[in-house]
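Chains as they are written, first to last, in numbering that gives the first Met the number 0: chain A, 0 to 343; chain B, 0 to 343.
Hints listed in this document are in silico derivations from the structure and should not be mistaken for laboratory results.
Glycine included, every Cβ here is placed at the ideal spot set by N, Cα and C.
Treat each hint with caution, since some may be false.
What the hints assert, rightly or not - Once the Cα atoms are required to be at most 25 Å apart in a straight line, the calculated DMTMM-like pairs of lysine to aspartate or glutamate come out as:
#1 B/Lys279 x A/Glu85
#2 A/Lys272 x A/Glu325
#3 A/Lys272 x B/Asp130
#4 A/Lys266 x B/Glu288
#5 A/Lys322 x B/Asp62
#6 A/Lys322 x B/Asp92
#7 B/Lys301 x B/Glu325
#8 A/Lys277 x B/Asp89
#9 A/Lys187 x B/Asp269
#10 A/Lys188 x B/Glu85
#11 A/Lys132 x B/Asp138
#12 A/Lys266 x B/Asp82
#13 A/Lys65 x B/Asp82
#14 A/Lys129 x B/Asp92
#15 A/Lys296 x A/Glu325
#16 B/Lys65 x A/Glu155
#17 A/Lys279 x B/Asp130
#18 B/Lys65 x A/Glu182
#19 B/Lys188 x B/Asp166
#20 B/Lys322 x A/Asp89
#21 B/Lys277 x A/Asp82
#22 A/Lys296 x A/Glu306
#23 B/Lys187 x A/Asp89
#24 A/Lys161 x B/Asp135
#25 A/Lys45 x A/Asp130
#26 B/Lys302 x B/Glu325
#27 A/Lys161 x B/Glu85
#28 B/Lys302 x B/Glu288
#29 B/Lys45 x B/Glu55
#30 B/Lys127 x A/Glu182
#31 B/Lys132 x A/Asp269
#32 B/Lys161 x A/Glu182
#33 A/Lys266 x B/Asp138
#34 A/Lys197 x B/Glu55
#35 A/Lys197 x B/Asp92
As the list claims (entries may be wrong) - With the Cβ distance kept under 8 Å, some of the chain A side facing chain B (calculated, not the full set):
#36 Leu137
#37 Arg141
#38 Ala148
#39 Ser240
#40 Ile241
There are 2 protein chains.
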Amino acid sequence: MEAGQNPNYQIPTRALSNVYYDEKSGLIKLGRSKQKRQFLNLGQAKKFMQSLLIAERIKWLLDQDKTLSIRQLFYTLKHTIGDTDENTFDTQDESNPLIEDVEVLINVLRENLGLIATPKGVLAGPIKIKDMKSGDLLDFTRMGSAGGAIPAIVEENVFQIKECSADYILVVEKYAVWNRLNEDRYWKKNNCLVMTGKGQPARAERRLLHRLSNELKIPVYIFTDMDPYGYYIYSVFKQGSINLAYFSEHSGVPSAKFLGFSVSDVKDFDMPKSSFIKMKDIDMKRLKEIQNYDWFKSRGWKKELEELKKFGYKIEQDALVAKSIEFTSNTYLPTKIDNKMWID
Amino acid sequence: MEAGQNPNYQIPTRALSNVYYDEKSGLIKLGRSKQKRQFLNLGQAKKFMQSLLIAERIKWLLDQDKTLSIRQLFYTLKHTIGDTDENTFDTQDESNPLIEDVEVLINVLRENLGLIATPKGVLAGPIKIKDMKSGDLLDFTRMGSAGGAIPAIVEENVFQIKECSADYILVVEKYAVWNRLNEDRYWKKNNCLVMTGKGQPARAERRLLHRLSNELKIPVYIFTDMDPYGYYIYSVFKQGSINLAYFSEHSGVPSAKFLGFSVSDVKDFDMPKSSFIKMKDIDMKRLKEIQNYDWFKSRGWKKELEELKKFGYKIEQDALVAKSIEFTSNTYLPTKIDNKMWID
């Protein structure tokens with residue numbers, strides 16, 4: 000300002016127009032388009048100042064080596080300015096997108112800035128992880144019937160993989176299915192890790208799966224319901240999501256395989272008709288949307304989605320218990336994995 | 000039938016008309032009203048047979064010593080009868096209420112019948128619990144930044160409390176607040192257990208809190224947002240809920256105290272105006288509903304609810320970080336507990 004210049008910075012554009020599926024890496028990514036944000040600009044001055052306030056608060060948080068949710072960060076930021084009636088921030092709608100701006104601006108995930116999202120998932124199997132915050136060595140073969148909770152921050156500096164003998168990682172959509180596998184000691188009998196994000200996964204489960212895949216270099220199999228929502232959960236783990244394109248680059252697992260439930264399984268495993276659930280208009284609509292995503296256009300996926308449309312019924316992964324209580328553990332999963340019956 | 004009689008059984012009525020707040024025990028309970036269900040009755044025959052099918056499946060589940068979700072149980076029950084077009088069950092709406100019927104009929108919680116609901120919560124602090132299913136001894140002081148996951152079934156035969164030196168149990172509504180307390184090692188500095196159900200608790204967290212309170216005989220403090228929804232979460236832990244009146248008798252903690260956030264805290268802790276959130280019509284409506292619940296009619300609660308109405312603003316427990324990042328751990332909670340600043 001004193002030099003007669005207009006303070007400014009450039010940030011990668013986080014709009015849909017700047018998000019694309021990168022076929023080479025197999026990930027949803029942010030493009031190269033950038034936006035300039037200037038201080039001496041009536042339309043940008045507030046956001047400019049708010050962004051600096053956020054950056055300052057993050058520095059303050061890092062100095063204390065503490066973590067906060069983005070809602071808590073908002074509360075530490077929100078205050079009335081001097082003697083005015085003006086607030087730094089009025090609602091979280093103002094701070095959330097600017098936090099994402101800061102992430103992409105400095106190219107660091109918010110988890111590395113001490114900002115947490117509530118995790119949901121659990122993990123079991125032959126892996127030992129050192130929690131550097133508490134100093135605890137977590138043994139995921141000794142976590143009882145609950146499994147080990149996945150913490151909000153699973154970055155390397157706080158969650159260090161010390162030992163892992165697993166041959167692969169199995170991710171299941173639903174807790175009830177994870178619970179059956181854990182009860183059957185599936186992870187012990189098959190020497191693998193079994194994880195669930197309890198439906199649509201939170202950031203922590205996506206980021207952890209990415210790290211496990213990258214660092215352990217073992218296959219990742221994803222097992223969901225046979226419906227557009229299950230397929231989408233698979234794609235969020237694998238290629239990421241449009242909304243969080245920046246995060247997707249750092250959380251995707253391009254090598255992940257879709258193990259099932261798939262339309263060919265209906266015949267292959269002789270599923271009873273009582274497990275079929277008629278697809279409604281809303282399911283068909285979602286199916287069409289998924290057919291249009293660039294990352295569902297491989298030969299295998301084109302076929303699967305067409306066949307689901309023709310079949311007209313959904314099948315939940317839970318339904319496999321109708322065959323027998325241990326059918327998933329003893330028959331379905333080993334058959335699928337041994338015979339490479341997956342979609343890529 | 001052969002003796003010329005009409006097979007029948009009687010079950011406690013699970014309708015709103017048979018639910019009441021029992022002031023003496025401080026719990027929401029089922030009344031004494033019962034319903035007869037007969038086989039030779041056109042309107043009841045289907046339900047009668049369905050109930051027997053459920054009972055048979057539960058026996059089958061118990062014999063295997065396995066657990067299923069109620070959705071999975073439904074899948075093991077659903078099939079076409081003989082050569083007819085008739086299904087045993089068409090949707091889960093048919094099996095769910097009959098499962099509850101079986102619970103109250105034989106006076107056993109579904110968790111003891113091997114039926115699970117997805118748990119959500121985590122726990123940290125000086126307690127050791129033996130998981131009898133896996134044989135693991137779980138030490139909740141060594142669970143890292145995630146805390147220990149609460150399993151779906153926390154019944155005595157599978158989740159045995161072996162050791163606990165805690166002086167009290169603190170339940171917090173939100174994960175972000177639990178995360179800050181765990182990060183500050185609040186449970187270590189204050190020798191207590193700190194638990195969260197991540198918002199509205201699941202069955203497992205309610206049942207575990209009940210067991211901890213009953214078996215350890217230590218105080219339970221509940222800390223939520225200052226709004227009708229936070230107050231309600233407290234009451235679900237304490238007195239139970241109308242929907243699950245039968246479960247409430249076995250999960251409530253009548254001695255639990257409401258620690259905050261309460262209207263008097265606004266002045267006592269000099270909360271900044273920036274943390275006030277204007278109550279909307281929908282919040283006021285919910286507040287009125289809560290004022291009408293019999294279990295919110297103690298002197299303390301009448302005053303609190305009136306004062307919230309007058310004040311007209313909500314305050315979230317997260318907002319305390321606006322004071323300072325460790326304010327909740329170092330000032331707010333110790334002050335409230337030491338000075339018995341709670342509502343009963």
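Taking the hints in turn, this is what the structure says about them:
no. : hint                : result
1   : B/Lys279 x A/Glu85  : holds (22 Å)
2   : A/Lys272 x A/Glu325 : holds (19 Å)
3   : A/Lys272 x B/Asp130 : violated (38 Å)
4   : A/Lys266 x B/Glu288 : violated (53 Å)
5   : A/Lys322 x B/Asp62  : holds (17 Å)
6   : A/Lys322 x B/Asp92  : holds (22 Å)
7   : B/Lys301 x B/Glu325 : violated (31 Å)
8   : A/Lys277 x B/Asp89  : holds (12 Å)
9   : A/Lys187 x B/Asp269 : violated (54 Å)
10  : A/Lys188 x B/Glu85  : violated (40 Å)
11  : A/Lys132 x B/Asp138 : holds (17 Å)
12  : A/Lys266 x B/Asp82  : holds (22 Å)
13  : A/Lys65 x B/Asp82   : violated (65 Å)
14  : A/Lys129 x B/Asp92  : violated (45 Å)
15  : A/Lys296 x A/Glu325 : violated (34 Å)
16  : B/Lys65 x A/Glu155  : violated (37 Å)
17  : A/Lys279 x B/Asp130 : violated (42 Å)
18  : B/Lys65 x A/Glu182  : holds (7 Å)
19  : B/Lys188 x B/Asp166 : holds (11 Å)
20  : B/Lys322 x A/Asp89  : holds (18 Å)
21  : B/Lys277 x A/Asp82  : holds (22 Å)
22  : A/Lys296 x A/Glu306 : holds (14 Å)
23  : B/Lys187 x A/Asp89  : violated (36 Å)
24  : A/Lys161 x B/Asp135 : holds (21 Å)
25  : A/Lys45 x A/Asp130  : violated (40 Å)
26  : B/Lys302 x B/Glu325 : violated (30 Å)
27  : A/Lys161 x B/Glu85  : violated (56 Å)
28  : B/Lys302 x B/Glu288 : holds (15 Å)
29  : B/Lys45 x B/Glu55   : holds (15 Å)
30  : B/Lys127 x A/Glu182 : holds (21 Å)
31  : B/Lys132 x A/Asp269 : violated (32 Å)
32  : B/Lys161 x A/Glu182 : holds (22 Å)
33  : A/Lys266 x B/Asp138 : violated (46 Å)
34  : A/Lys197 x B/Glu55  : violated (29 Å)
35  : A/Lys197 x B/Asp92  : holds (22 Å)
36  : Leu137              : holds (5 Å)
37  : Arg141              : holds (5 Å)
38  : Ala148              : holds (4 Å)
39  : Ser240              : violated (22 Å)
40  : Ile241              : violated (26 Å)
Hint violations for this structure: numbers 3, 4, 7, 9, 10, 13, 14, 15, 16, 17, 23, 25, 26, 27, 31, 33, 34, 39 and 40, all remaining hints satisfied.
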